[in-house]
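Participant: Each chain, written out:
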Amino acid sequence: MTAILYILLAIVIGVAIWQVASILNLREEIATEKDNNTQGIIFAIFGVFFYGLMIFSFWKYSVILLPDSASVEGESYDTLYLVTMLLILFVQAITQFLLFYFAFKYRGIKGRKALFYADSHKLEMIWTIVPAVVLSGIVLYGLSVWNNVMDASDAENPLIVEVYAKQFQWEARYAGEDNELGLANVRNIKGINTMGVDMTDKNALDDVPVRELHLPKGRKVIFKFRSQDVLHSAYMPHFRAQMNCVPGMVTQFAFTPSMTTEEMRLNDKTIDKVAGINKIRAEKGEDPYLFDYILLCNKICGSSHYNMQMKIVVEEEAQFNTWLKSQKTMAQIVQ
Amino acid sequence: MSDHHHKETFITKYVFSQDHKMISKQYLVTGIFMGVIGVLMSMLFRLQIAWPDHSFSIIEAFLGRHQDGGVMSPDIYLALVTIHGTIMVFFVLTAGLSGTFSNLLIPLQIGARDMASGFLNMVSYWLFFLSSVIMVLSLFVEAGPASAGWTIYPPLSALPQAIPGSGMGMTLWLVSMAIFIASSLLGALNYIVTVLNLRTVGMKMTRLPLTIWAFFVTAIIGVVSFPVLLSAALLLIFDRSFGTSFFLSDIFIQGEVLHYQGGSPVLFEHLFWFLGHPEVYIVLLPALGITSEIIATNSRKPIFGYRAMIGSIIAIAFLSTIVWGHHMFVSGMNPFLGSVFTFTTLLIAIPSAVKAFNYITTLWKGNLQMNPAMLFSIGLVSTFISGGLTGLVLGDSALDINVHDTYFVVAHFHLVMGVSAIYGMFAGVYHWFPKMYGRMMNKTLGYWHFWLTAIAAYGVFFPMHFIGLAGLPRRYYSNTAFPLFDDVADVNIVITLFAILGGAAQIIFLANFFISIYKGKKATQNPWKSNTLEWTTPVEHIHGNWPGEIPAVHRWAYDYSKPGYDEDFVCQTTPLKPDEEPT
Numbered sequence: 001m002t003a004i005l006y007i008l009l010a011i012v013i014g015v016a017i018w019q020v021a022s023i024l025n026l027r028e029e030i031a032t033e034k035d036n037n038t039q040g041i042i043f044a045i046f047g048v049f050f051y052g053l054m055i056f057s058f059w060k061y062s063v064i065l066l067p068d069s070a071s072v073e074g075e076s077y078d079t080l081y082l083v084t085m086l087l088i089l090f091v092q093a094i095t096q097f098l099l100f101y102f103a104f105k106y107r108g109i110k111g112r113k114a115l116f117y118a119d120s121h122k123l124e125m126i127w128t129i130v131p132a133v134v135l136s137g138i139v140l141y142g143l144s145v146w147n148n149v150m151d152a153s154d155a156e157n158p159l160i161v162e163v164y165a166k167q168f169q170w171e172a173r174y175a176g177e178d179n180e181l182g183l184a185n186v187r188n189i190k191g192i193n194t195m196g197v198d199m200t201d202k203n204a205l206d207d208v209p210v211r212e213l214h215l216p217k218g219r220k221v222i223f224k225f226r227s228q229d230v231l232h233s234a235y236m237p238h239f240r241a242q243m244n245c246v247p248g249m250v251t252q253f254a255f256t257p258s259m260t261t262e263e264m265r266l267n268d269k270t271i272d273k274v275a276g277i278n279k280i281r282a283e284k285g286e287d288p289y290l291f292d293y294i295l296l297c298n299k300i301c302g303s304s305h306y307n308m309q310m311k312i313v314v315e316e317e318a319q320f321n322t323w324l325k326s327q328k329t330m331a332q333i334v335q
Numbered sequence: 001m002s003d004h005h006h007k008e009t010f011i012t013k014y015v016f017s018q019d020h021k022m023i024s025k026q027y028l029v030t031g032i033f034m035g036v037i038g039v040l041m042s043m044l045f046r047l048q049i050a051w052p053d054h055s056f057s058i059i060e061a062f063l064g065r066h067q068d069g070g071v072m073s074p075d076i077y078l079a080l081v082t083i084h085g086t087i088m089v090f091f092v093l094t095a096g097l098s099g100t101f102s103n104l105l106i107p108l109q110i111g112a113r114d115m116a117s118g119f120l121n122m123v124s125y126w127l128f129f130l131s132s133v134i135m136v137l138s139l140f141v142e143a144g145p146a147s148a149g150w151t152i153y154p155p156l157s158a159l160p161q162a163i164p165g166s167g168m169g170m171t172l173w174l175v176s177m178a179i180f181i182a183s184s185l186l187g188a189l190n191y192i193v194t195v196l197n198l199r200t201v202g203m204k205m206t207r208l209p210l211t212i213w214a215f216f217v218t219a220i221i222g223v224v225s226f227p228v229l230l231s232a233a234l235l236l237i238f239d240r241s242f243g244t245s246f247f248l249s250d251i252f253i254q255g256e257v258l259h260y261q262g263g264s265p266v267l268f269e270h271l272f273w274f275l276g277h278p279e280v281y282i283v284l285l286p287a288l289g290i291t292s293e294i295i296a297t298n299s300r301k302p303i304f305g306y307r308a309m310i311g312s313i314i315a316i317a318f319l320s321t322i323v324w325g326h327h328m329f330v331s332g333m334n335p336f337l338g339s340v341f342t343f344t345t346l347l348i349a350i351p352s353a354v355k356a357f358n359y360i361t362t363l364w365k366g367n368l369q370m371n372p373a374m375l376f377s378i379g380l381v382s383t384f385i386s387g388g389l390t391g392l393v394l395g396d397s398a399l400d401i402n403v404h405d406t407y408f409v410v411a412h413f414h415l416v417m418g419v420s421a422i423y424g425m426f427a428g429v430y431h432w433f434p435k436m437y438g439r440m441m442n443k444t445l446g447y448w449h450f451w452l453t454a455i456a457a458y459g460v461f462f463p464m465h466f467i468g469l470a471g472l473p474r475r476y477y478s479n480t481a482f483p484l485f486d487d488v489a490d491v492n493i494v495i496t497l498f499a500i501l502g503g504a505a506q507i508i509f510l511a512n513f514f515i516s517i518y519k520g521k522k523a524t525q526n527p528w529k530s531n532t533l534e535w536t537t538p539v540e541h542i543h544g545n546w547p548g549e550i551p552a553v554h555r556w557a558y559d560y561s562k563p564g565y566d567e568d569f570v571c572q573t574t575p576l577k578p579d580e581e582p583t
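Note that the protein sequences, when read in sequence, are chains V and R. Following my numbering, the numbering of the first sequence begins with 1 at its first residue and continues without gaps. Following my numbering, the numbering of the second sequence begins with 1 at its first residue and continues without gaps.
These are computed hints drawn from the structure, not numbers from a lab. It is possible that part of the hints are untrue.
Said to hold, decoys possible - One side only, chain V facing chain R, incomplete, derived with CB under 8 Å:
{"id": "1", "residue": "Val48"}
{"id": "2", "residue": "Phe97"}
{"id": "3", "residue": "Asp119"}
{"id": "4", "residue": "Leu183"}
What the hints assert, rightly or not - With a straight-line Cα cutoff of 30 Å, these simulated DSBU-like cross-link-like pairs (lysine-lysine) come out:
{"id": "5", "chain 1": "R", "residue 1": "Lys577", "chain 2": "V", "residue 2": "Lys105"}
{"id": "6", "chain 1": "V", "residue 1": "Lys217", "chain 2": "V", "residue 2": "Lys328"}
{"id": "7", "chain 1": "R", "residue 1": "Lys365", "chain 2": "V", "residue 2": "Lys110"}
{"id": "8", "chain 1": "V", "residue 1": "Lys34", "chain 2": "R", "residue 2": "Lys365"}
{"id": "9", "chain 1": "R", "residue 1": "Lys519", "chain 2": "V", "residue 2": "Lys113"}
{"id": "10", "chain 1": "V", "residue 1": "Lys113", "chain 2": "V", "residue 2": "Lys224"}
Quantities reported herein were computed from a predicted structural model and do not represent experimental measurements. Backbone N, C-alpha and C define an ideal beta-carbon position, used for all residues, glycine too.
Using the sequences and the accompanying hints, generate a full structural model.
Facilitator: Structural data, given as structure tokens:
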């Protein structure tokens, strides 16, 4: 691979020097009819390259994209995304075509005069009003999805989980039997009480601290995010979920997991993606990879930002409850 | 002022010059120098992204103690992306672009002898120079330069315990930026005053070339928003050095609780983006102004919808100051605020669409002269559309959730403001080089430069969207910690190869630029057969621009291929014929 780099570099430098040598010739430096012709044709070829690159990328790289949403809210995200993307590609395809085609078609010819066409009220109105109407639709649609995702106030019996960030690790805390998180502040951090839970608060005693996030399928989870040092961002791409963790305040996000880890492993897109990954891993002689949901840090937070992650397991509610019961509560740990 | 011929020494002519044309060249060369540093940095971190843990002699050579056996450290990786962003956004695309062309073109195109205050203009450049020196020096401090990202969000940027670059490196970054802002404000005030007061006879605001409109409005946005960044920087300096708590609260780091209480990093984000978003347009509008002029000239057609173009510049400028929150949809601010910012943000698509369609219509039935400046201008329209459209995803709060801070964002803003603005800058250099140096740049090299750059730019940033959609966060030193991202490794190699091609293509530009200054073919007075006033000045620079009276203006700048005239251009100084409608 490095060889290719150096060869590429050498070619370009070679071309540069060759051309620089010819600079000393006193020649016409303003585009001639011949230049117009050549460059216009290259624009047409470049247009083909451009569409080729787009098509190639969609064909080749679709497999690396995230699989179907693993949360209920994420499904409406995916639909909105698809609608927006189709609109983008439609506009992109038309405008870029016109641009490259005009560059080719109207390449300069000596003696031809361009059309003196300075203004058209009608055209300006068209491309003000049409985008305005289309955008109104997109805005309204987008905002309905946004409000739906961000408003967790009407959730029935949601699970409350605190996600806690620090350089370069995630922790989490379940609200326990009372489903209410105990107070916490960094000033309470001491020994095993790494999240600074206030043990004088009676709500805190039954809280359950964990290092691996388990979520029940089909129940709304309200996440409360905290950070103890710098900004972090809790990014759970498979659930279309993200929220920053801000020192000094509690932030919130909510979603309802809709596919267990097991189910996601059997999803067609996941199977394709994992197969691709394992092919690469096999070439490198690494162990095969088994799909898991992850929570990763998505706000620059220091040296090991690139390796700040926590596994997420989504399971059926019964399994989840068994797992949660097997974990120690704050009261059990601190005493 | 024209009869004011005092003797110039070397120092007053080339160093502390008050002549806008010399200051413009100083900005350009400084900008190019900073650009070389910024691009080299991107080459280094692209190597790391494509081949993590692989040893490179070039990394060993450049990074000294910040590397181990040719592999860079995570801290210096973050420093490189931070300084790359800072340099490219502020030093190249703000000062290098606006500084060069506002200075060169405002007096020349409005028909003024110089800027309103030549002295302030000189001070502005030298403050920029000083801030560049400090920024470059910060690369050499013991613990490394600032590395909290170019957005320098606290607490990371405030606490040396959090990242080594937040020590001396960050202090120098803040000092450099404070000086930079002062420079930028002095420049902007000068531009505004000059455009408002020093226009020649007949140069109504509605006859100004779109370049001047763009520079003028850009200067206004700068004056409105840069002071807010200055206040954010000052408050951050207070937090860092004097123990205040504007942005910090409840922090436990390296085993101890810090005393800060009651501040909020979100406040910093608001202040930062209050400049940060208008900054995008401070970078982009001058480029759009430049290409409006170049596309009209080289299409031999009037720019389509002149008044709509002015209207959209003003609309974009106004909207740009009320959309900053779209950088903060997942910052923890109130979701209702997110709704408001989604609305204002997507409104920007309307004037942007108007501009794009007007450009395309200007090409229609033109007689396109394919000079290198024209190629870069067409290239700009292409990247402006490609990059702008993905703004519909990022500006929509709901969709932003899952692509926020991923490579999708990196691809989007590099296309829409990075590549577009740099294309605008290149277009400007090729087009006005004869005005700056009295010589022509080599067109063949210009063609090679454009096509290699164009292929490389799309080769880099088109596939990058997909990495972002795969969920890969930006600013990751390496993605080997996640088996999930093993399959993006190949894409990253493709991107890096294109990036190296793009970087190498700039060698062609550098060679062409510097050799042409000395060896280029001598320019004629109006090589592109342009209508605007700068081409009525003599090729040899003189202080005061016009040897005699400043010419009066009788028409707008876009009478190309006007029926009734033999030539396909009519200079702004040509009086109207009796039967001609006034413009």
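Participant: All the hints need checking, so say for each whether the structure fits it.
Facilitator: Right, here's what the structure says about each hint:
With 8 Å as the threshold, the beta carbon of V:Val48 stays out of range of chain R, its nearest partner Cβ sitting at about 12 Å, so the hint is violated. Proximity of V:Phe97 to chain R is violated relative to the hint, the smallest CB-CB distance being about 10 Å (cut-off 8 Å). A hinted interface residue such as V:Asp119 counts as satisfied when its beta carbon comes closer than 8 Å to some beta carbon of chain R; here the least separation is about 6 Å, so the hint holds. Interface restraint check: V:Leu183 against chain R, minimum CB-CB distance 12 Å, threshold 8 Å, status violated.
Between R:Lys577 and V:Lys105 the alpha-carbon distance is near 33 Å, which puts this suggested pair outside the 30 Å criterion. Between V:Lys217 and V:Lys328 the alpha-carbon distance is near 22 Å, which keeps this suggested pair within the 30 Å criterion. Restraint check for R:Lys365 and V:Lys110: satisfied, since their Cα atoms lie roughly 14 Å apart, inside the 30 Å limit. For a cut-off of 30 Å, the pair hint linking V:Lys34 to R:Lys365 stands: about 19 Å separates their Cα positions.
With a C-alpha separation of about 34 Å, the suggested pair R:Lys519 and V:Lys113 falls outside the 30 Å cut-off, and the hint is violated. For a cut-off of 30 Å, the pair hint linking V:Lys113 to V:Lys224 is broken: about 67 Å separates their Cα positions.
In this structure, the hints that do not hold are numbers 1, 2, 4, 5, 9, 10, in rising order.
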